[in-house]
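Novice: Residues per chain, in single letters:
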Amino acid sequence: MSREKPTGNDYLFEIAVFLATSAQGCLNEPPLYGPFRLLDALSKLADLPDYAPGLAHDPFLKEIKAIVDDKKFLVMYDVEGFRRAIDEIVEKFAKELKSRYLAPK
Amino acid sequence: MDIFQAVKGRRSIRRYKSDVVPKELIEKILDAGRWAPSGGNIQPWKFIVISDRNLLELIRKVSPGYLGETPLAILVCSDKEKAYKVGGALGRDYLSVSDCSMAVENMLLVAYALGLGTCVVKSFARVAVKEMLEIPEDIEPELLVIVGYPAYEPKPPVRIPLREIAYLNKYGQNFPTNLEE
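Going down the list, the protein sequences come from chains A and B.
Numbered by my numbering, the letters in the first sequence go through residues 2 to 106 in order.
Numbered by my numbering, the letters in the second sequence go through residues -10 to 170 in order.
Read the hints as simulated data drawn from the structure, not as lab findings.
Quick reminder that beta carbons are idealized off the backbone N, C-alpha and C, glycines included.
Careful: at least some of the hints might be erroneous.
[As the list claims (entries may be wrong)] Cβ pair distances, simulated, as ranges:
#, chain 1, residue 1, chain 2, residue 2, range
1, A, Ala95, B, Lys74, 23 to 33 Å
2, B, Leu44, A, Tyr78, 28 to 38 Å
3, A, Leu13, B, Arg152, 50 to 60 Å
4, B, Pro143, A, Asp48, 21 to 31 Å
5, A, Leu103, B, Glu126, 31 to 41 Å
6, B, Glu126, A, Leu39, 26 to 36 Å
7, B, Asn163, A, Ile68, 39 to 49 Å
[As the list claims (entries may be wrong)] With a Cα cut of at most 25 Å, we get these calculated DMTMM-like pairs of lysine to aspartate or glutamate:
#, chain 1, residue 1, chain 2, residue 2
8, B, Lys69, B, Glu58
9, A, Lys6, B, Asp8
10, A, Lys66, B, Glu46
11, A, Lys99, A, Glu30
12, B, Lys50, B, Glu129
13, A, Lys66, A, Glu15
14, A, Lys45, A, Asp11
15, B, Lys6, A, Asp51
16, B, Lys50, B, Glu123
17, B, Lys50, A, Glu15
18, B, Lys144, A, Glu5
19, B, Lys111, B, Asp41
20, B, Lys6, A, Glu5
21, B, Lys74, B, Asp127
22, B, Lys111, A, Glu81
23, B, Lys50, A, Glu89
24, B, Lys50, A, Asp41
25, B, Lys50, A, Asp71
26, B, Lys111, A, Glu15
27, A, Lys6, B, Glu126
28, A, Lys99, A, Glu64
29, B, Lys111, B, Glu94
30, B, Lys17, B, Glu58
31, B, Lys111, A, Asp71
32, A, Lys99, A, Glu89
33, A, Lys6, A, Glu30
Could you build the full structure based on these sequences and the hints that come with them?
Specialist: Right, here's the structure in full:
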C-alpha cells in the first residue's frame, strides 16, 4: 500500500519504535521471534538511504536485505531453514568484512 | 464456499493490495465473530474496527508482528469485568481468551470466503495500542486481525500428520487413519 513517504527522521523514529516494541515483545514471545525481529530491523535499516538524504545505498546491504526478505518467514514453518539462512547471512557479512577491511592495500 | 475448502485454503497473508474493504464485508466478518461459541454464553468480545489510515499506521508502528500494510484491522478485545461477573476467575482468565480466539477463527474463515486475506497478530505493544485506541481498563486487547486483499498466494504450510496427534480412546493409542499430509 502506498503512504506518504516519511522523512529520514521519521523513518529513523519508526525503526526506534519497532526496536522498542520488539524488545518488549521478546520478553514473552517465542524465543525465535527475537532473531526474526532483528532480521526485520536489519531489512528496515537497509532502506534508510531511501529516506535520509546524504546516505548512500550500500549494494552489499541491499543484497542482504533481499535475502532477509526472502527468507525471514522461514521462521514460521522451517526452523532449520531459518537457522541456515541466518548462518548464510552472517557468513556473507564475514566475507564482506574481510574484503572491506583486510584486503591488501 | 464449502466450509472445508475455507478451513484448508485460508492462509496468513503478509502482503496486501491497497484496495479498500467495503463496509458490507466488514459487517459480515464482525457478524461471524459474534456467532462464535462462548463459554457460559459470556460473549466477552468487543471488536474495534480500525480503518483510519493514520491511526492504522500508528498501530502498525507499535506492532512488530504487523507485517505488510493493510487498509483495515480489527482488534478483538475481551471484556474482563463482564467475563468475571458471569464466569468467575475461569471466565476472566481462560474463557474470555478462548472465546475471542474462536470469534477470530470465524472471522478469518468468513473473510477468506469473501476473497479477503487476513493475518492474526499477537505481537503488538499492548500498552501503546490501549493508549491509541482509548481502550478502558477492564477491556483487554487479545488479537489484532489485519485484513485486506491478498497480493499473493502463499504456499500451504507443513502440518503435522494426523497419525502423530490423534489418539483413539486413550492418550498414545493410535487413531487409525489413511489421511496423509
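Novice: Check whether the Cα positions of Lys74 of chain B and Asp127 of chain B lie no farther apart than 25 Å.
Specialist: With a Cα-Cα distance of about 12 Å, the restraint between Lys74 of chain B and Asp127 of chain B holds, given a limit of 25 Å.
Novice: Would you check the hint for Lys50 of chain B and Glu89 of chain A, treating anything up to 25 Å between C-alpha atoms as holding?
Specialist: violated, 29 Å
Novice: Quick check: does the Cβ-Cβ distance between Glu126 of chain B and Leu39 of chain A fall within 26 to 36 Å?
Specialist: holds, 34 Å
Novice: Taking 25 Å as the top limit, are the C-alpha atoms of Lys99 of chain A and Glu30 of chain A close enough?
Specialist: violated, 35 Å
Novice: Quick one, are Lys6 of chain A and Glu30 of chain A close enough, alpha carbons at most 25 Å?
Specialist: violated, 31 Å
Novice: Taking only the CA atoms, is the gap from Lys50 of chain B to Glu15 of chain A under or equal to 25 Å?
Specialist: Holds, because 6 Å separates the two Cα atoms, which is no more than 25 Å.
Novice: Tell me if the beta carbons of Leu103 of chain A and Glu126 of chain B are separated by a distance inside 31 to 41 Å.
Specialist: Since the Cβ atoms of Leu103 of chain A and Glu126 of chain B sit about 58 Å apart, the hinted range of 31 to 41 Å is violated.
Novice: Quick one, are Lys111 of chain B and Asp71 of chain A close enough, alpha carbons at most 25 Å?
Specialist: Holds, at roughly 23 Å.
Novice: Below or equal to 25 Å on CA atoms is what counts here, so check Lys50 of chain B against Glu123 of chain B.
Specialist: Distance of about 17 Å is within 25 Å: holds.
Novice: Do the alpha carbons of Lys50 of chain B and Glu129 of chain B lie within 25 Å of each other, as the hint requires?
Specialist: OK: Lys50 of chain B and Glu129 of chain B at ~20 Å, within 25 Å.
Novice: Regarding the pair Lys99 of chain A and Glu64 of chain A, is the alpha-carbon distance no greater than 25 Å?
Specialist: Given pair Lys99 of chain A, Glu64 of chain A holds - Cα atoms ~17 Å apart, limit 25 Å.
Novice: Within a Cα-Cα threshold of 25 Å, do Lys144 of chain B and Glu5 of chain A meet the stated pairing?
Specialist: Measuring from Cα to Cα gives roughly 31 Å; hence the hint is violated.
The structure is inconsistent with the numbered hints 1, 5, 8, 11, 18, 23, 27, 33, although it conforms to all the rest.
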